[in-house]
Every structure is written in structure tokens, then in C-alpha cells.
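Full structure from sequences and hints, please.
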Amino acid sequence: MASGCQLVFFLCLTSGLFFVGTVLAQDTNEQDSGCEPGWTRFGSRCFIFYNMPKQWVDAEHACIKVGGNLASIHSPEENVFLAQLIERVTGHRLHTWIGGHDAVREGTWLWSDGTEFDYVRWSLGEPNNYGIEHCIEMNWGGNYWNDQKCHHGKPFVCAKDL
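If you read the sequence shown in this note's numbering, its first letter stands for residue 1, the second for the next number, and so on.
The set of hints was computed from the structure by calculation and includes no laboratory data.
Check each hint, because a few of them may be wrong.
Dumping the calculated SDA-like pairs for lysine to any residue here, alpha-carbon to alpha-carbon at most 20 Å [claimed, not checked]:
1) K149 - N128
2) K65 - W140
3) K160 - V80
Each pair of labels, with its calculated beta carbon distance range [stated by the list, open to error]:
4) E77 - P37: 18 to 28 Å
5) N129 - E36: 35 to 45 Å
6) P37 - Y130: 34 to 44 Å
7) N129 - L162: 29 to 39 Å
8) H92 - V66: 32 to 42 Å
9) P76 - G125: 31 to 41 Å
10) N51 - V80: 16 to 26 Å
11) L162 - G131: 34 to 44 Å
12) G125 - G34: 36 to 46 Å
13) P37 - I132: 33 to 43 Å
Yeah, the Cβ is synthetic: ideal placement off N, Cα and C, and Gly gets one too.
Have a look at this one:
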């Protein structure tokens, strides 16, 4: 979970309204997964997709409110799982906020949950900081990541440990 100074610093840099809306991702086997209703298990974590556009910082606040953080991704399998979760709910691979940011130091990417930034899936030419971009969206150009302006409203994925 987020407890480091980097996240606090980043959250102080941005502002916005806080709102939690309807959960739109559910797994038919969620009762057996160890995850709460509406959450889907992958590995040792539970994930939930919110199909409501929010700025990155507001999405992170919403995830914290439900006991998690914006999702960090640590393997190709986890990246594919999340892309498929989003597609299963919406019928599309929507551009979606995940927990990566470089707001503390340009080019030094961190996960909002404080875990190691040990996997990347950047699209060709990314991250490029085009127009001052400090947050990561997934499903860019297919199954890749893009750095994006944090104030854009996007759906988002939260994660929490079992």
C-alpha cells in the first residue's frame, strides 16, 4: 500500500474532486477467489475496474478509499490479465489509468503502491513526456503503455493484496 513520501508529494501536487461511482467489473468465481465481491483475483492480489473517467490523482484516491491503490503491473501475464478484464467489462481495451507516475522526478517511474517498478510495456517511442506527461495509461496502441497528462479523465484499475 502507498505510504511513501513520493506518493504524498505527488498527491499534494495535484488537486481535484473525489467521487466513487459504480463498480463495473465482476468475476463469476469471486466467492471462491478470496477477493471481495466485485473484485477479481490474479496471483496474490485482487483487482477491480472502474469505468468512470477520473483524473489520475482522483482515481488513486478512489482506490485508497476501497483499500488499495491504482494497479501496479509486474509481469506480461498481469498486463494481459488486466487488458482482458477491461475488455470483458467494456467490450474494448479502453485507455485506462494504472498506478505508474514520474511526478517526483522526471524519467524515474514509480508505482503508487510503493512496489518495485520491475516491468514495463511502453509503446514504441514512449515514454516521451510530450506536453508534460507524468502518469501511465495502459491499452495504448493495443496492449502497451503510454505516459499521459495526469489531469485527463480516464477509467482506472485498482489493486490490493489478498
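Evaluated hints:
The suggested pairing of K149 with N128 holds, with an alpha-carbon distance near 11 Å, which does not exceed 20 Å. A hinted pair counts as satisfied when its Cα atoms are at most 20 Å apart, and K65 with W140 does not qualify at roughly 27 Å. A hinted pair counts as satisfied when its Cα atoms are at most 20 Å apart, and K160 with V80 qualifies at roughly 18 Å. Checked against the hint of 18 to 28 Å, the C-beta distance between E77 and P37 comes to roughly 24 Å, which is consistent with it.
About 37 Å separates the C-beta atoms of N129 and E36, a value consistent with the hinted range of 35 to 45 Å. Evaluation of the 34 to 44 Å hint for P37 and Y130 yields a pass: the beta carbon distance comes to about 40 Å. Checked against the hint of 29 to 39 Å, the pair N129 and L162 passes, with Cβ atoms roughly 35 Å apart. Distance hint check: the CB atoms of H92 and V66 are about 24 Å apart, inconsistent with the given range 32 to 42 Å.
Range check, P76 to G125: Cβ separation about 20 Å, and the 31 to 41 Å hint is violated. In this structure the supplied range 16 to 26 Å holds for N51 paired with V80, their Cβ-Cβ distance being about 19 Å. Taken as a hint, the range 34 to 44 Å holds for the pair L162 and G131, whose Cβ atoms sit roughly 38 Å apart. The hinted window of 36 to 46 Å between G125 and G34 holds, with their beta carbons roughly 40 Å apart.
Look at P37 against I132: about 39 Å separates their beta carbons, and that is inside 33 to 43 Å.
Of the numbered hints given earlier, the model fails hints 2, 8 and 9; all others are met.
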